[in-house]
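S.K.: For reference, the chains in residue letters:
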Amino acid sequence: MSSNYEPGREIQLEIFRRMALLVANDEQTRRAVRTGRLVMPYYSYRGQEIIPSALCTALSDGDYLCTIYRGIHDMLAKGMPLKDLWAEVAGRISGTCKGKGGPMHLTYPAKGIMVTTGIVGSSMPIANGLAWASQLSGDGRVSVATFGDGASNIGAFHESLNLAAIWKLPVIFVCQNNLYAEHTTFEKCTAGANVAARAQGYSIPGVRVDGNDPIAMYTAAREAVERARAGEGPTLIEAITFRFFGHALGDNDSYMDQAQKKAAMEADPAPRFRARLIAEGLATEAELAAIEADVNARIEEAIASALAAPFPEVSELTKDVYGAEVAA
Amino acid sequence: MSDKDTTTIVEALNLALTDAMADDGKVIALGEDLADPEGGGVIGVTKGLSTRFGDTRVRSTPIAEQAIIGAAIGASLVGYRPVAEIMLMNFTAVAMDMIVNHAAKLRFMSGGQTHVPIVIRTMTGTGIANGGQHSDYLEAWFAHTAGMKVVAPSNPADAYGLLRSAIEDDDPVLFIENIIAYRSTGPAPKSGSRVPLGKASTVHEGSDVTIVAYSRMVQEAIAAVEALGKEGVSAELIDLRTVSPWDRKTVMASAAKTGRLLIVHEAVTQFGVGAEIAAEVSSELFGKLKKPVRRLGGPYAPVPFSKPLESAYAPDAKRIAEAALALVR
Chain A
2 MSSNYEPGRE
12 IQLEIFRRMA
22 LLVANDEQTR
32 RAVRTGRLVM
42 PYYSYRGQEI
52 IPSALCTALS
62 DGDYLCTIYR
72 GIHDMLAKGM
82 PLKDLWAEVA
92 GRISGTCKGK
102 GGPMHLTYPA
112 KGIMVTTGIV
122 GSSMPIANGL
132 AWASQLSGDG
142 RVSVATFGDG
152 ASNIGAFHES
162 LNLAAIWKLP
172 VIFVCQNNLY
182 AEHTTFEKCT
192 AGANVAARAQ
202 GYSIPGVRVD
212 GNDPIAMYTA
222 AREAVERARA
232 GEGPTLIEAI
242 TFRFFGHALG
252 DNDSYMDQAQ
262 KKAAMEADPA
272 PRFRARLIAE
282 GLATEAELAA
292 IEADVNARIE
302 EAIASALAAP
312 FPEVSELTKD
322 VYGAEVAA
Chain B
2 MSDKDTTTIV
12 EALNLALTDA
22 MADDGKVIAL
32 GEDLADPEGG
42 GVIGVTKGLS
52 TRFGDTRVRS
62 TPIAEQAIIG
72 AAIGASLVGY
82 RPVAEIMLMN
92 FTAVAMDMIV
102 NHAAKLRFMS
112 GGQTHVPIVI
122 RTMTGTGIAN
132 GGQHSDYLEA
142 WFAHTAGMKV
152 VAPSNPADAY
162 GLLRSAIEDD
172 DPVLFIENII
182 AYRSTGPAPK
192 SGSRVPLGKA
202 STVHEGSDVT
212 IVAYSRMVQE
222 AIAAVEALGK
232 EGVSAELIDL
242 RTVSPWDRKT
252 VMASAAKTGR
262 LLIVHEAVTQ
272 FGVGAEIAAE
282 VSSELFGKLK
292 KPVRRLGGPY
302 APVPFSKPLE
312 SAYAPDAKRI
322 AEAALALVR
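In the order they appear, the protein sequences are chains A and B. According to my numbering, the first sequence holds residues 2 to 329 in order. According to my numbering, the second sequence holds residues 2 to 330 in order.
The hints are simulated quantities; they were obtained by calculation from the structure and are not laboratory data. All residues carry an ideal CB built from backbone N, CA and C; glycine is no exception. Accuracy of the hints is not assured; some may be wrong.
[Stated by the list, open to error] Pairs of lysine to aspartate or glutamate residues, derived as DMTMM-like cross-links and limited to a Cα-Cα distance of at most 20 Å, are as follows:
(1) B/Lys292 with B/Glu277
(2) A/Lys263 with A/Asp252
(3) B/Lys291 with B/Asp209
(4) B/Lys291 with B/Glu323
(5) A/Lys84 with A/Asp295
(6) B/Lys250 with B/Glu277
(7) B/Lys48 with B/Asp24
(8) B/Lys250 with A/Glu188
(9) A/Lys262 with A/Glu188
(10) A/Lys320 with B/Asp171
(11) B/Lys27 with A/Asp140
(12) A/Lys84 with A/Asp140
(13) A/Lys169 with B/Asp56
(14) B/Lys291 with B/Glu206
(15) A/Lys169 with B/Glu33
(16) A/Lys169 with A/Asp252
(17) B/Lys200 with A/Glu326
(18) A/Lys263 with A/Glu28
(19) B/Lys231 with B/Glu323
(20) B/Lys48 with B/Glu33
(21) A/Lys169 with B/Asp34
[Said to hold, decoys possible] Derived CB-CB ranges, DEER-like:
(22) A/Gly141 with B/Ala147: 35 to 41 Å
(23) B/Ser307 with A/Glu188: 47 to 53 Å
(24) A/Asp252 with B/Glu323: 55 to 61 Å
(25) B/Glu285 with A/Asp252: 46 to 52 Å
(26) B/Leu286 with A/Gly141: 55 to 61 Å
(27) B/Met97 with A/Pro110: 22 to 28 Å
(28) A/Ile167 with B/Ser208: 56 to 62 Å
(29) A/Gly251 with B/Ala147: 58 to 64 Å
(30) A/Gly156 with B/Lys308: 33 to 39 Å
(31) A/Asp295 with B/Asp56: 46 to 52 Å
(32) A/Ile167 with B/Ala313: 24 to 30 Å
(33) A/Ala294 with B/Asn102: 38 to 44 Å
Bound conformation, chain A alone (with noise of 0.2 Å):
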């Protein structure tokens, strides 16, 4: 792929330095949950940290995400504290959402996380109006939405993109195709089996792209956002990856196709990124190292203090259900 966009040595590493936090940050999660010091469902998004370590890069603190139940990893690469994150899913009133919307639902306005959903889809339609809002006040700012393959059956999908496209909005739509919607597999529930391709049936770009591989997520990603700002209008971008951990933690992976699945683990996105910075005389070991050692670090303290912390009072459930509140 040659473009203008292709990364230079400083945005891979600042790509790695995401993706490093993401897998450690998982990593922590799935040992969190399986010892029961946490108690959540959990979407592990390992196998896929390259999509949005990439794409943030690529975006600004101002920029907007709508992201999804499958998304610690996109708001952790947007720049969600890990403080916040941690507490929140501990369930703690230090919590980003104080405890009330949990891993499903972390918002953090403060670096344009706005909206994380637990129903396949609806990130899309609501990406819109925050890039309407750009489009409004001309403020510059791109909306992303991020959704699996699993998303793109579902209308919301295809009611998004069409108004998107007629309307110009400054969004741009990122396909996490970890081959499966749930327990289905892509193939078997996907008509054409290409989420890119659709984007033609609206008259506007989609790329297809190795999710899995930061220089085409990048520059792709990009691309995508320099339309957008350019009040070109919307992207659909399909970056192909897979998740090792199924559908949610804990499942019965039976209904995956274990050589693939093992395939897909022996082809690990993250070490090979890594060894491939080495190897090309981008990084060194000893760097890579500190910044590994750095996350675990921040994520140990995040998970110290949110253990530490205390949970809500009851008397938050009848709180920030309307802005006033309003008597029953």
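Model the placement of chain B on the given structure of chain A, informed by the hints.
M.R.: Chain B only, in chain A's frame:
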């Protein structure tokens, strides 16, 4: 509008939108056929808005209700005050995920970091042979959803004042307009006036029985109150105006005074708004009521097409008067 004493609900709503958009550049509007090239709304409620305020602020949309509400929610999260039109109330069913799972809950789920100041205008009602999918009153669905507010005016002045308040409210408001009441006239609103949400109005004072109604049923109830007066029955009529949060104080005080309560709505009676009010009033005023609370609403059936069936569906002045009379005698 100020040059005449009376106006219609359509004109009042149009004026409210025009004034709100003129006063606040953050007020925007979207919906099917909303802009002037498409007719300014099928009823004409939004006529003139896109011409005056531009077609990026006032936008006709595809027939795609999820996209409409989603766009309204998104813009509202970052400071805009969108007024989304869902042409007919039954079409809200197509957008329920956006309304119930998102608009109503984002404030709470985000711990108050975001909120969704949108108004969803929608019309409905029996009486024009629209049949089963274009006529329902579905307010109970939304009143049952924590985070939503539900407003249903019965006259032009309230329509104006409530819409202005709804647009300024920081929470999502479902705003119900009755199709056959659109052209009904009443005293013109004072430009710039507001009717607070959650505040009922006592349309007629009385001492024998309290009738609570909203939307077009208030108009039928007014006729019923007159008929009851001729029978020597003094009925108090309360126009709820806001279905949720409902004005408990005003309803309780009236029911305590008269000792008899009739709740009237066009929606199906079962599991309806009347059931909630009846339960609350019965609990609070148990022992003080002279008769059990009575509800009058639609039958537990879809809205029919055939004229005699449709006419029998929603309560009318005659049936309201009969029900009130049965409570008094």
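S.K.: Are the hints correct? Go through all of them and say.
M.R.: Evaluated hints:
1. B/Lys292 with B/Glu277: Answer holds: lysine 292 of chain B to glutamate 277 of chain B is near 17 Å, not above 20 Å.
2. A/Lys263 with A/Asp252: Given that 20 Å is the threshold and the Cα spacing comes to 17 Å, the pair holds.
3. B/Lys291 with B/Asp209: holds, 10 Å
4. B/Lys291 with B/Glu323: Holds: lysine 291 of chain B and glutamate 323 of chain B sit about 17 Å apart, inside 20 Å.
5. A/Lys84 with A/Asp295: holds, 15 Å
6. B/Lys250 with B/Glu277: holds, 15 Å
7. B/Lys48 with B/Asp24: holds, 18 Å
8. B/Lys250 with A/Glu188: violated, 59 Å
9. A/Lys262 with A/Glu188: Holds, at roughly 16 Å.
10. A/Lys320 with B/Asp171: The given pair, whose Cα atoms are some 14 Å apart, holds under the 20 Å limit.
11. B/Lys27 with A/Asp140: holds, 14 Å
12. A/Lys84 with A/Asp140: violated, 30 Å
13. A/Lys169 with B/Asp56: It holds: about 13 Å lies between the C-alpha atoms, which stays within 20 Å.
14. B/Lys291 with B/Glu206: The given pair, whose Cα atoms are some 18 Å apart, holds under the 20 Å limit.
15. A/Lys169 with B/Glu33: Holds. Lysine 169 of chain A to glutamate 33 of chain B sits at ~18 Å (cutoff 20 Å).
16. A/Lys169 with A/Asp252: This hinted pair is violated, its Cα atoms lying about 41 Å apart.
17. B/Lys200 with A/Glu326: At roughly 15 Å apart (the allowed maximum being 20 Å), glutamate 326 of chain A and lysine 200 of chain B satisfy the hint.
18. A/Lys263 with A/Glu28: Judged against 20 Å, a Cα distance of about 18 Å means the pair holds.
19. B/Lys231 with B/Glu323: holds, 13 Å
20. B/Lys48 with B/Glu33: With Cα atoms ~13 Å apart, lysine 48 of chain B and glutamate 33 of chain B stay inside 20 Å; holds.
21. A/Lys169 with B/Asp34: With Cα atoms ~19 Å apart, lysine 169 of chain A and aspartate 34 of chain B stay inside 20 Å; holds.
22. A/Gly141 with B/Ala147: 35 to 41 Å: holds, 36 Å
23. B/Ser307 with A/Glu188: 47 to 53 Å: holds, 50 Å
24. A/Asp252 with B/Glu323: 55 to 61 Å: holds, 60 Å
25. B/Glu285 with A/Asp252: 46 to 52 Å: holds, 49 Å
26. B/Leu286 with A/Gly141: 55 to 61 Å: Because 59 Å falls inside the window, the suggested range holds.
27. B/Met97 with A/Pro110: 22 to 28 Å: Distance hint for methionine 97 of chain B, proline 110 of chain A holds at roughly 25 Å.
28. A/Ile167 with B/Ser208: 56 to 62 Å: Because 59 Å falls inside the window, the suggested range holds.
29. A/Gly251 with B/Ala147: 58 to 64 Å: violated, 31 Å
30. A/Gly156 with B/Lys308: 33 to 39 Å: This hint holds: roughly 35 Å between Cβ atoms.
31. A/Asp295 with B/Asp56: 46 to 52 Å: Taking Cβ atoms as reference, aspartate 295 of chain A and aspartate 56 of chain B lie about 51 Å apart, which means the hint holds.
32. A/Ile167 with B/Ala313: 24 to 30 Å: violated, 44 Å
33. A/Ala294 with B/Asn102: 38 to 44 Å: holds, 41 Å
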